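Let's have the full structure, built from the sequences with the hints guiding it.
The residues making up each chain are set out below.
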Amino acid sequence: MHADERKEAETIIRASGVNVRKCMKCGKCSATCPNFDEMDIHPHRFVSMVEEGDIFALMQSKSLWRCLSCFACVERCPRGVEPANLIEAVRLEVIRPLAGNRLRPEAIPALLDEKIPQQLIVSAFRKYSK
Amino acid sequence: MMLKLSIEKMGELFQRLAEGRKLYLPLDRGGQVDFGPWTPEAKVRLDRLKTIKSAKDFFFPQTENIVSFKRQGKDISIIENRDAEEPFVVFGVRGCDARSLDVLDRVFLCDPVDSFYKARRENGVVVSMACSEPEETCFCSIFGIDAADPQGDVVTYIIGDFLYWDERTDKGRALTETVKSLFSDASGDSSLVERSRGEIRDIVSRLPLCSLSLEGFDGSALKEKFGSPLWSELSQACVGCGTCTYVCPTCQCYDIQDFDTGHGIRRFRCWDSCMYSDFTLMAHGNPRKSQVERFRQRFMHKLIYFPANNDGMYSCVGCGRCVAKCPISMNITKVIKALGVEVNV
Amino acid sequence: MRRVRDMMRSRAGELLKDGAVTRVLGWKSGEFYYDPTPSFFDTEESLDELVYNGFSAAMLSKYLIEATKKEGRVLVFLKPCDTYSFNHLLKEHKVDREKTYVIGVGCGGMLDIEKLRALGVKGIESMEELGENLVIHTLYGDKKFARGDVLLEKCATCKGLEHKASDELAVPDELWEWETSDRFARVSELEGMTSGERFAFWRGELSRCIRCNACRNACPVCSCNKCVFDNPRSGVIAKANADTFEENMFHIIRAFHVAGRCTDCGECSRVCPQNIPLHLLNRKFIKDINAFYGEYQSGESVDGKSPLTEFRTGDVEPGIVHERGGA
Amino acid sequence: MQKIGVFVCWCGSNIAATVDVEAVAQASLSEPGVVFSTNYQYMCSEGGQSAIRNAIAEHGLTGIVVCACSPRMHEATFRKTAAVAGLNPYMVEIANIREQCSWIHRDKEEGTKKAIILARAAVAKLNRNVPLIAGESQVIKRALVIGGGIAGIQTALDVADAGYEVDIVEKTPTIGGKMAMLDKTFPTLDCAACILTPKMVDASAHEKISLFTYSEVESVSGFVGNFTVNIRKKARGVNSDLCTGCGVCIEKCPSKKAKSEFNQGLCNRSAIYIPFAQAIPNVPVIDRESCIKFQTGKCGVCEKVCTAKAIDYAQEDEIITRQYGAIVLATGFKPISLESYDEFQYNQCPDVITSLEFERICNAAGPTKGKVLRPSDHEPPKTVVFVQCVGSRATVECGKTYCSKICCMYTAKHAMLLREKYPDTEVYVFYIDVRTPGKSFDEFYRRAVEEYGVHYIKGMVGKVAEEDGRLIVQGSDLIADKQVIIEADMVVLAAAIEPDPTARSLGTMFTASMDTNDFFTEAHPKLRPVESPTAGIYLSGLCQGPKDIPDTVAQAGAAASKVIGLLSKDKLVGNPCVAACNEPLCNGCSTCELVCPYGAITYEEHLVVDHGVRETRRVSCVNEAICQGCGACTVTCPSGAMDLKGFTNLQIMAEVDAICR
Amino acid sequence: MPINEEGAAFKPLIVAFCCNWCSYAGADLAGSSRLNYPVNVKVIRVPCSCRVNPLFILRAFQRGADGVIMCGCHPGDCHYTSGNYFARRRMALLFSMLDYLGIERGRTRVEWVSAAEGAKFANTMNQFAETISALGECRRLEDIRCVESEI
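Taken in order, these protein sequences are the chains called X, B, U, G and V. Here numbering that gives the first Met the number 0 is used: position 110 in the first sequence is 109, and no number is missing along the way. Here numbering that gives the first Met the number 0 is used: position 53 in the second sequence is 52, and no number is missing along the way. Here numbering that gives the first Met the number 0 is used: position 265 in the third sequence is 264, and no number is missing along the way. Here numbering that gives the first Met the number 0 is used: position 552 in the fourth sequence is 551, and no number is missing along the way. Here numbering that gives the first Met the number 0 is used: position 38 in the fifth sequence is 37, and no number is missing along the way.
Any given hint could be a false lead.
[Unchecked claim] Derived CB-CB ranges, DEER-like:
id: 1; chain 1: V; residue 1: ARG33; chain 2: X; residue 2: LYS6; range: 49 to 55 angstroms
id: 2; chain 1: G; residue 1: GLU338; chain 2: U; residue 2: VAL301; range: 30 to 36 angstroms
id: 3; chain 1: U; residue 1: VAL301; chain 2: B; residue 2: GLU198; range: 55 to 61 angstroms
id: 4; chain 1: X; residue 1: ASP3; chain 2: G; residue 2: THR515; range: 40 to 46 angstroms
[Unchecked claim] The list that follows gives simulated cross-link-like pairs (lysine to any residue, SDA-like), each with its CA atoms no further than 25 angstroms apart:
id: 5; chain 1: U; residue 1: LYS114; chain 2: U; residue 2: GLY159
id: 6; chain 1: B; residue 1: LYS69; chain 2: G; residue 2: LYS112
id: 7; chain 1: U; residue 1: LYS68; chain 2: G; residue 2: GLY611
id: 8; chain 1: U; residue 1: LYS98; chain 2: G; residue 2: THR601
id: 9; chain 1: G; residue 1: LYS457; chain 2: X; residue 2: PHE70
id: 10; chain 1: U; residue 1: LYS121; chain 2: B; residue 2: GLU132
id: 11; chain 1: B; residue 1: LYS288; chain 2: G; residue 2: GLY611
id: 12; chain 1: G; residue 1: LYS2; chain 2: U; residue 2: GLY234
id: 13; chain 1: G; residue 1: LYS112; chain 2: V; residue 2: LYS10
id: 14; chain 1: B; residue 1: LYS288; chain 2: U; residue 2: ASP95
id: 15; chain 1: B; residue 1: LYS333; chain 2: U; residue 2: LEU49
id: 16; chain 1: U; residue 1: LYS304; chain 2: G; residue 2: GLU592
Bear in mind the hints are in silico, worked out from the structure with no lab data behind them. A quick note: this is a predicted structure, and the numbers were derived from the prediction, not measured. The beta-carbon is built from N, C-alpha and C at its ideal position, and this holds for glycine as well.
The following block contains the structure:
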């Protein structure tokens, strides 16, 4: 594994607080996922890829932006692994280094509509610097 | 003859006093003031009236070796193991503590003489010091002690920026000889000293506990006091610790114990407290089974038994240490008040 | 505090009058303002002597051991910290709950006469507690202190003002509240020292011990009928500290015997005539227990096992002592 | 003062080569209490032993120290030698100068020095020894088995066949337990009832077995060999002695709305009922909750139709007190509640069922007479999905961390049975792993796949939703890396199993320790798997951990053999090295009780006389028959009231002193 | 290696409390396997590690021990099911307290040694003796009355 990639994996594990080793590979996360078909890499593979340190592929995956952050997988996982938190952490790793990730407060109301779940708003705010 | 010394030169005095003998005086020990051996680094604290423990420790220490036994095979030999005798000075003893030695003398120097105590008494010189700011816990005056003019081999006063030194006994004179060169003559200051004494006595007369009356506390009242129903109420809060006994300058009870060092037996004596449940424990148990009885014993001893056997001398000197240190604030003054009132009624 | 005292007197009077209790355990006024003594009151008239002020620190819980062996019900006034000890005594079957009636009394922090003396107060004639201030009239003039500066150590690091046991409360609204500091701060500070520094610190402290047993006898947890150190057949009897080993021995074993049981009431340090910070030994055990086995404070409740009477299979190994940092 | 003899063994050259045995014997003569010492080539030989016996007689020794090999080797030998010579066997101490001295050191001077110190320590300890007498207690030759499932029945039968009386206490109205509810058994597919019911009959007919059904253990006291148990016989409302089991009452009972417990609530039963046709005893029970007579006072149909006059509405619970030498816990299991598993819609859809419900549906005596029909519309399902590991292997709160062990096999069985009976039914099994260790187990599972065409999908089900009478099952197929949607008619959940909830209170009652999952723990996980740490308490079946029928029966037999071993003794000789409480020192604080792993400590109000002070107070009491002598209590006791005989505080400290001298 | 006043190599006195069922048997196995460990390691047999009272440990230091080690069955293997779990908590707290009082932390140790681990027993004792040798004589927790030259 590339040294940068390993470091990335460590950062993601630390930032997410997820213990990937707890995964017993039952597939409940993928079974639960409401947006499974939209994904190229599925939730259960997310966990094993982070475990294996296969991070760059994840960072480039379509799935990263297809996850709804509904946390169904977190809710259902019998071992308390929390795959969605991993996805969150990977997203942060992708977004943070990008330039122009600044969100002006006055731009926010325009981005909101009534149907956006609160969970999503909070998640979105977390991803942007102030 | 009255001598004086600028207090700035006290360090030199202590240095001189400590030459060829031990000098004990009130020191700062972890924020507490207690007697301890003087060293050039020691922080001397003459400003605090009361040391935690009294000067008794130097004449009757908390533990003291008596003798040792050694076993070799099936043989036992007896080995002298007394602590070495050495001259010492106790400096800064207040009037109450100075008087306490009279009480201890009554106990240890009467027949049979306690040779350990006697040796220390002979080797020790008492340099007392008049009290400058008596505290509310003091009640020495009711025992006829004059805080302004304590007894001792040498009596000292701190007045203004000077230490006044007044030798009183042969021992005191001998000690004075060794330090005389530091002092200057102060015969002319006697009125100053007398005035200072007057100020102290005036404060003493205003102390709350000095109005206590000892009327009725004598041998003739033994049965009446012993049988008083008030003891149970007075003792109910007593936790049975030995604080009062161990800070007391006149308590003199001890236990003798053997310690197996693995190579032999060390026989030593150590203070004991009549407040303890195992005090005077015998095969059949403790003669005083309840805390009421133990509590009563302590105060009956100080206020009735001791004076009855010692020409009216109470074995309390009113130093007030127990008043200040009792965890539950029960003490001899409350006892005197309660039992005395009963007599008056 | 005066409000509390008035509430105490009136409730005690009512309960004595209607026969709900036969005795009242409280504090009786002394010679000076600062020396109230724990005392039993059995008539309404005697309650005139019931006091409650900044010097009513002496804990009453332990007196219930003997008091509840007698006939009748005892009304006892417990400060918040005293209720922990009360619960502990219930847990160890030392006190009969049925024979007690607990009034939880509000506490404005207890004051330290030793601190005042160290600040040069002598010849006390009277005192006044005025809100956050303490005014002392002495033979040598008046002095004024901020209450917060002269609190007992145990109160400066108070565990909280909630009563963990009571049948009713006497807590007025306007009681003075104070800022408390971390009770483990001093322990952490010691932990941060080198082994040699710690040794020197404890030598300095423990060498002052005169073995008066005040710490043990005032301790609500040390309620053995006969202490191992008083028992000639225990093999470890010691009436005096003959040397440094015995100074250590007594305090280590005493702390160990109360480990997991200590309610952190602070009485040991309060009553020590030599002002040895004995609570730092007990708090070390509490701190370790919290770190090793999860938060636990003895006396918070009557039920449940204490950390030394239970275990988990995954507990830390004793090697943790070597592995963790520090010297 | 003791008169001690020290005997130093050469052990040929084993000791003598590295230790100057003569010097050891000489040196120990100067120790306190030692009046005699000698050395001998082989102390354990007849010659050595007779030298010991002679010296005891000649010198009037009160105790002996043997400096020889490890006490684990010959302590018992020398204790016997001492006993023969009239000395109390516990006045013997061994100084281990072989394994812990001569064999680990090369230098003879050093070795000798150490041997002298070890001998000195043994002498120092012996000086504080007192004669100990082992207590004896009677063994009551009757066993109690709690739980009347296959585990309890098997244990009872084995113990009874050995000639000892056995009582079975079963809380439900019939024995048989969970096995009676099963249809077929894996991997042989023989019918559960066919193999179980004969055993049930055997148990009820056995002259040594008494059945207490519809009964529960109320309380227990005593200890190994001598337990006293109060059993609550709940009121049946039917006199068992008079009832002929004709069943007319059941037929005529107008209240038929109660859910059948035996059939997992899938059909109803009458208020007066027997759980199933082969129930033993064949005596009905009145369920007072649903009985019209009990609820309204009117009805009494059963009483009217009973020609045997067996109906007795006034019957009350009865407490029976019996004594037992041994107790077997066989309390079994139950499937976990699936209430918090919303994703499977168990509570919402009647066609989502548990495996145990499925057993009933398959069973010819079940609610559907053996036809597999959907509970909702009684139509045969065309597609059935099985989900494994529901609640097993889960670390989140509602689940169980362990593997329930039996689900893989019974699911394969269910799938196979379904395919066999209804070949046109599609069967899917979602699994995480298929675990088949066991004789013919993997073959059985492979048959389901290969011969019966059951679709095994590696993955889990994430969601079940009802849509137009069908169940939309959304799951993952990890091999294909796909999410699969199956339109099913029925979903069967393999719910985790957990110990029966009554185990917890029994565990407390019997001080039988339990793990965090409420399974009883064994005295040793490998070497004493059917004994509880508490002496006289044995474990049979699932109450100790998940297991299938063969394992359960095997364990039941093992428990029975342990019980027989105990009951075959007339008396139990205890270990005298047990804890003892010095009452005047005891505070009654209960700390010792909390750390005792055997429940040997109780509290009693005693009159304590200490040096003339008399007080009646709570003190701790050690039951010597139960105490095993670990010493946990002695250290937890702050006052030093608790001490351990044979290893007292003073003895151990004397050893420390002697070693460090 | 530290040298004492007489110039002899310092041989630390080590007291080992061993439970009867595992560690004492492990020590026996070390012996029957002829494994060497320092002569000044002296074993005291107790039924279970939970029998080890802190008093015994302090007593050993009082009487001149330089190190004290407690050995018991591995967690989970206690002959009495749970004794070593209690012992583990007690010793963790006691050792932490000794450390807190400034007693060198290397002087106390707990090791789980099974009846089959003769080699582990010997290795443990060798290592422990090395650690104690480096620390030198125990001065901070000794009772001067018990020093041989004293009476």
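Against the structure, the hints:
Between ARG33 of chain V and LYS6 of chain X the beta carbon distance is about 51 angstroms. The supplied range of 49 to 55 angstroms therefore holds. Judged by the Cβ atoms, the range 30 to 36 angstroms given for GLU338 of chain G and VAL301 of chain U holds: they are separated by roughly 33 angstroms. The given range of 55 to 61 angstroms is respected by VAL301 of chain U and GLU198 of chain B, whose C-beta atoms sit roughly 59 angstroms from each other. For the pair ASP3 of chain X and THR515 of chain G, the supplied restraint of 40 to 46 angstroms holds, since their beta-carbon distance comes to about 43 angstroms.
With a CA separation close to 22 angstroms, the supplied pair LYS114 of chain U and GLY159 of chain U stays within the 25 angstroms bound. For the proposed pair LYS69 of chain B and LYS112 of chain G, the alpha carbon gap of about 22 angstroms is at most 25 angstroms, so the pair holds. Only pairs whose Cα atoms come within 25 angstroms are accepted, and LYS68 of chain U paired with GLY611 of chain G is accepted, the gap being roughly 18 angstroms. Of the supplied pair hints, the one linking LYS98 of chain U and THR601 of chain G holds, its CA atoms being roughly 24 angstroms apart against a limit of 25 angstroms.
Among the hinted pairs, LYS457 of chain G with PHE70 of chain X is consistent with the structure: their alpha-carbon atoms are about 22 angstroms apart, no more than 25 angstroms. With a C-alpha separation of about 8 angstroms, the suggested pair LYS121 of chain U and GLU132 of chain B falls inside the 25 angstroms cut-off, and the hint holds. With a CA separation close to 8 angstroms, the supplied pair LYS288 of chain B and GLY611 of chain G stays within the 25 angstroms bound. For the hint linking LYS2 of chain G to GLY234 of chain U, the alpha-carbon distance of about 22 angstroms falls within 25 angstroms, and the restraint holds.
With a C-alpha separation of about 14 angstroms, the suggested pair LYS112 of chain G and LYS10 of chain V falls inside the 25 angstroms cut-off, and the hint holds. Distance check on the hinted pair: LYS288 of chain B and ASP95 of chain U sit about 24 angstroms apart at the alpha-carbon level, within 25 angstroms; holds. Restraint check: the Cα-Cα separation between LYS333 of chain B and LEU49 of chain U comes to about 16 angstroms, which is no more than 25 angstroms; the hinted pair holds. Between LYS304 of chain U and GLU592 of chain G, the direct Cα distance comes to roughly 11 angstroms. Compliance with the 25 angstroms bound is thereby established for this hinted pair.
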